[in-house]
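Novice: Residue numbering for the sequence shown follows our numbering, beginning at 1 and increasing consecutively.
Don't read these hints as lab results, they were simulated from the structure.
Treat the hints with caution; some may be incorrect.
Each computed BS3-like pair below joins lysine-lysine, with the alpha-carbon atoms no more than 25 Å apart [said to hold, decoys possible]:
#1 LYS19 / LYS29
#2 LYS33 / LYS74
#3 LYS19 / LYS177
#4 LYS19 / LYS56
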Amino acid sequence: MNFSRNHILANKESGQTDKDIDLILRISKSDEKALELLYRNYYARLFRFIARITRKEDLIDEVINEVMFVVWNKASTYNHQCQPSTWIFGIAYNKARQAYSNATNSFEESLDELDNDSLFFEEANSGIRQLETSDWLESALETLSLDQRAVIELTYFQGLHYSEIAELMDCPENTIKTRMHHARKKMASVLKPFNDAPK
1 MNFSRNHILA NKESGQTDKD IDLILRISKS DEKALELLYR NYYARLFRFI
51 ARITRKEDLI DEVINEVMFV VWNKASTYNH QCQPSTWIFG IAYNKARQAY
101 SNATNSFEES LDELDNDSLF FEEANSGIRQ LETSDWLESA LETLSLDQRA
151 VIELTYFQGL HYSEIAELMD CPENTIKTRM HHARKKMASV LKPFNDAPK
């Protein structure tokens with residue numbers, strides 16, 4: 001019997017989801033070992049997510065610890081219809097946003113209306129994944145608001161759908177699309193010299 005790569009990946013993701021749900025269930029029963037395992041499973045992803053959206057290295061571990069504190073205290077309220085990663089990143093987003101706001105005392109959110117969307121990956125040529133560690137990408141991300149960086153990170157690096165991001169950010173899906181549109185537009189303008197350079 002042959003399995004496609006997508007089938008295998010889907011089964012792998014499903015298996016990981018089941019493991020995470022089991023860990024959250026154990027955490028709801030005050031299982032400290034389960035919390036430690038969940039922490040290990042999510043630390044790298046949370047570190048990267050928080051670093052990307054806050055741009056403040058000194059906040060990262062503090063926010064991760066706050067996220068795990070909430071997971072420990074709120075595990076019993078977890079809704080199993082929600083992906084564990086969506087729930088955890090929702091907590092991380094709220095904690096990161098709060099920490100960023102407290103640290104800078106100035107948090108702004110774009111309220112521009114949604115225009116026609118563009119295919120950012122085509123504009124970015126080789127794609128954002130290939131540019132992940134480049135100075136160009138870092139410069140482009142620096143031009144975005146915290147919420148716009150969060151949408152980019154959750155979509156392209158964490159693989160979440162707009163509906164999932166809207167759920168964890170507690171806002172309409174169209175708001176997520178608006179943030180993505182403006183983030184792509186800003187990043188495309190910064191990345192243009194890179195795309196125009198001779199290959």
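Novice: For each hint, tell me whether it holds in the structure or not.
Specialist: Hints, one by one, checked against the model:
no., hint, result
1, LYS19 / LYS29, "holds, 16 Å"
2, LYS33 / LYS74, "holds, 16 Å"
3, LYS19 / LYS177, "violated, 31 Å"
4, LYS19 / LYS56, "violated, 31 Å"
Violated hints, in rising order: 3 and 4; the structure is consistent with all others.
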